[in-house]
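Protein chains: 4
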Amino acid sequence: MNQTILFSEKEREALAQELPCVVRGRDRDADTVVTVGEGASCVRIGGGHFALMAGPCSVESEDQVMRIAAAVKAAGANLLRGGAFKPRTSPYAFQGLGEEGLDLLVRAKAATGLPIVSEIMNEKYLDLFLEKVDLIQIGSRNMQNFDLLKALSRVRKPVLLKRGFSNTVKEWLLSAEYLLSGGNDQVILCERGIRSFEPLTRNSLDLSIVPLVKDLSHLPVIVDPSHATGRAELVPGLSLAAVAAGADGLLIEVHDDPANARSDGRQSILPETFAVLARKVEAIRSIL
Amino acid sequence: MNQTILFSEKEREALAQELPCVVRGRDRDADTVVTVGEGASCVRIGGGHFALMAGPCSVESEDQVMRIAAAVKAAGANLLRGGAFKPRTSPYAFQGLGEEGLDLLVRAKAATGLPIVSEIMNEKYLDLFLEKVDLIQIGSRNMQNFDLLKALSRVRKPVLLKRGFSNTVKEWLLSAEYLLSGGNDQVILCERGIRSFEPLTRNSLDLSIVPLVKDLSHLPVIVDPSHATGRAELVPGLSLAAVAAGADGLLIEVHDDPANARSDGRQSILPETFAVLARKVEAIRSIL
Amino acid sequence: MNQTILFSEKEREALAQELPCVVRGRDRDADTVVTVGEGASCVRIGGGHFALMAGPCSVESEDQVMRIAAAVKAAGANLLRGGAFKPRTSPYAFQGLGEEGLDLLVRAKAATGLPIVSEIMNEKYLDLFLEKVDLIQIGSRNMQNFDLLKALSRVRKPVLLKRGFSNTVKEWLLSAEYLLSGGNDQVILCERGIRSFEPLTRNSLDLSIVPLVKDLSHLPVIVDPSHATGRAELVPGLSLAAVAAGADGLLIEVHDDPANARSDGRQSILPETFAVLARKVEAIRSIL
Amino acid sequence: MNQTILFSEKEREALAQELPCVVRGRDRDADTVVTVGEGASCVRIGGGHFALMAGPCSVESEDQVMRIAAAVKAAGANLLRGGAFKPRTSPYAFQGLGEEGLDLLVRAKAATGLPIVSEIMNEKYLDLFLEKVDLIQIGSRNMQNFDLLKALSRVRKPVLLKRGFSNTVKEWLLSAEYLLSGGNDQVILCERGIRSFEPLTRNSLDLSIVPLVKDLSHLPVIVDPSHATGRAELVPGLSLAAVAAGADGLLIEVHDDPANARSDGRQSILPETFAVLARKVEAIRSIL
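Protein chains in written order, with the working numbering: chain R, 1 to 288; chain L, 289 to 576; chain E, 577 to 864; chain X, 865 to 1152.
Chain R with its partners taken away, still in its complex shape:
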């Protein structure tokens, strides 16, 4: 008797009809390993390789990003996150440093060797991202921006596809299918919490979908506990939970002065908290 068959043959075939590139099949049973960055500093994600992505919500200044990049590198991160073009609910909120922000990330990469992940909001900046960024993030609000998906399906650069905060797993995988069917199979899925009726957390992180999607698809699945909870104090516990649930990586907001962060300070953890967390992540991975 086997309890590892999550989807029946029939269910899996129906899903494979709709999602021929994303669902595991006879031709494509092995886990996809995504390679981010080049040369010596490249990072492999999936198939047993773990990604620990960390950095500030927004790039704010050269000093800030260099300091935080060095700190997360020292603590064990293998990718640097940082927002340059920021999707903001209000037109009056800080909209990011734009191209200048990307340049500062490039300098932090030169100093630390960490490949860069940053969010693209608009197809018109694609050349800029292809030049400067190692892993291009499609944010939650753009998961169903189909023209952006089509544009990214045609490039040779890995993509981090966040789940929309109210999208079903199937819709998420269909957005990944846009990327794969268009020719880009270097795709990492990222769960970041769904919207619910609960006001005490920013979102509700449903970790059930980690083992579910890993069973269904060959793509790596990582978790963003910062946006999922919206509260720094919950990030360590949820990070460990994500690892225990089988995630292939974490995407964590770290800031050394959260009270003065220009965005998302409430959910950013300190570098020293991150360092402790990184060690516990390793300990849990060694058990699984």
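Any given hint could be a false lead.
[Stated by the list, open to error] Pair ranges (Cβ atoms, derived):
no.	chain 1	residue 1	chain 2	residue 2	range
1	L	R554	R	E11	18 to 28 Å
2	X	R1143	E	R602	57 to 67 Å
3	L	R444	R	A93	22 to 32 Å
4	L	R444	E	R620	50 to 60 Å
5	R	R26	E	D605	13 to 23 Å
6	R	A93	L	R442	17 to 27 Å
7	L	P487	R	R285	34 to 44 Å
8	X	P884	E	D639	43 to 53 Å
The set of hints was computed from the structure by calculation and includes no laboratory data.
Every residue gets a Cβ at the ideal spot worked out from N, C-alpha and C, and that includes glycine.
Use these hints to put chains L, E and X onto chain R, whose structure you have.
Only chains L, E and X this time, still in chain R's reference frame:
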């Protein structure tokens, strides 16, 4: 004793701080009237003027759009809807006729005099839409595509802003604030149902927000009962309900051969059903 | 071509298998008409007969309930609502007058002739309710209190079954099936809004389910716009919307001093607002 | 700089006003340790003591419950779960063995020494539960059955209070407040997933609330991954995730013939799967 004060002075001031252009204030208490189209065939919406927008989900062929445009015009519609660029969940679904679809809508407008509403998905087609479309729709999935909002805030063309299917009223109004604060005050809000746990309908249409948003803001609010329910049989009842709740207009999918429609046939009503509905809408409006 | 077939034969048969008593079938196609109260003052609901139920959230004093009962009667209500046993989220909130509250309702009934609807929370008070109440309400939080459903299935007294605030339509009908299969076919369904992510209203009222459930089942369906919105100012618009959507009745909280009501004052409308509303309800019903 | 302050002083005070017994305060800062069962076989839960509750969804026969009880005991469980009175969505589903089911659990307890947890649905069976059950469960659908809460607040027997599947954390704690303020402070909270829009899992398990509630309240918090996911294959991963997030225990459905279980077979894991899981739970606990 007055039961018309929905928000207290204090609540309204707090909201007006965040939404200075969208919330009613001393300078801007009167309802905004949006003018769509030009010359004799222009249509006014808001401030007591009602919009009855109808047409096929997708433009499929010249014959199809001309037939349906004539039918909805005869039944009392004053705007023609039709999708040319289609946001589709699956990469394998019909993606719309694109520019050719807009051209067919222009021909239908020439034949019927009905101004056109159609959805834009990408800033790069803005010139095309400015030339050919009278009311540019921002769809539910693009409500928080902030670059698209910024681009549309700089043009002189009315915008129909649909609510995201899992966005709060405040987020919706903040997206409208992007448009108004950028310089475009010809904005119509459109409710189209929110995602819920109920599988028997496509979405859950919360009409409560119609009187709520009309109290809070000076912008016109219309309702799309087709996407809200996903079932043609529910469209007439919900259309009348929207009018009774105070909506400034309706956006309804009509098709004369729903079984063979290339998209959303299940939620498209027949022209003859639409004609009966249009008469009842008038009857209810005369009571209110 | 027929657009009135909401469920296909196959869908309907599958539902009829699970819900043999509740779903329309060959034997039971006609609308159920529920009779509330006895003798001259009895009220029929369903099959074209409309129920206008109004009164205070909680019975607070003899004076209060007599005043409000007279006012809603004069305005056109045909049933009196009033809570005696109150389900309260906090143990420190007013829990209702209990049996004394029921006695005060009985006096109001004697004075006005209006039959009484009140909520039961516990099987142990069933004899009391059978003696004093004309229509026994099962509240939203007890929709899946299966022992209470079983107890009420065995009595000869009509039941008002509210939908749970996060229950699917199918779960709601299965709870009705408990009543009907147990022997009580005098059941009225009441929609009162579902919980969503929106903080500006107490719940989200999905009126789509009114025509949907009326197509599927022979039971009458009424709407409670007071709990659905949580804001008095939204009650009139939503009441008219419910009627336009095809509801067989309304359940409305009315209070003549909402600011000092012991519960739900924020969502109670004034008797004079109710009187205006009652006339508009009639006008809309005459159109449909 | 301290990242352990989840709620500000002001927030905590506001919550303590509404929840004086449940929220940590000056008088009640230490974790509550709940003692289940008596004598040598009693189990302590909370304050570092972990509960591993396992057993069948429903008690089906003496043979079945004895076999499964022995298996989960051998694998490391320290409490036996089993349903005798079953809340079932459909009146036609198996409703449980009732009192006979409790008697079979008592025999399994005699054989294994494991204290018993079972769900009560109706105040009228309270004496029966006080006699036969060690930990009385209030199920998700009864979290706001206030009369049942009041009845259980007056007894000397620990209570397991499941969160309603669409209730906020605050509503859940207010239901616990009913128990504590009424005199029963032996309360364990149990998260079991919330209802969402996702059809591929039965519920969405939001583990964020585990560290959040443990910070706010002194009560132990455990997790039920079986109802949370509805799929046996997801139970091990989610169980480990719950432990990593800080849960004080797990409540897991185990069956040795899931395909023929009379309820919830799809979400029941095999005894051998449970045994492997129990060892991993210990390994993760040793890291934290």
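Item to check | Earlier hints that do not hold, by number | outcome: Those not satisfied are hints 5, 8.
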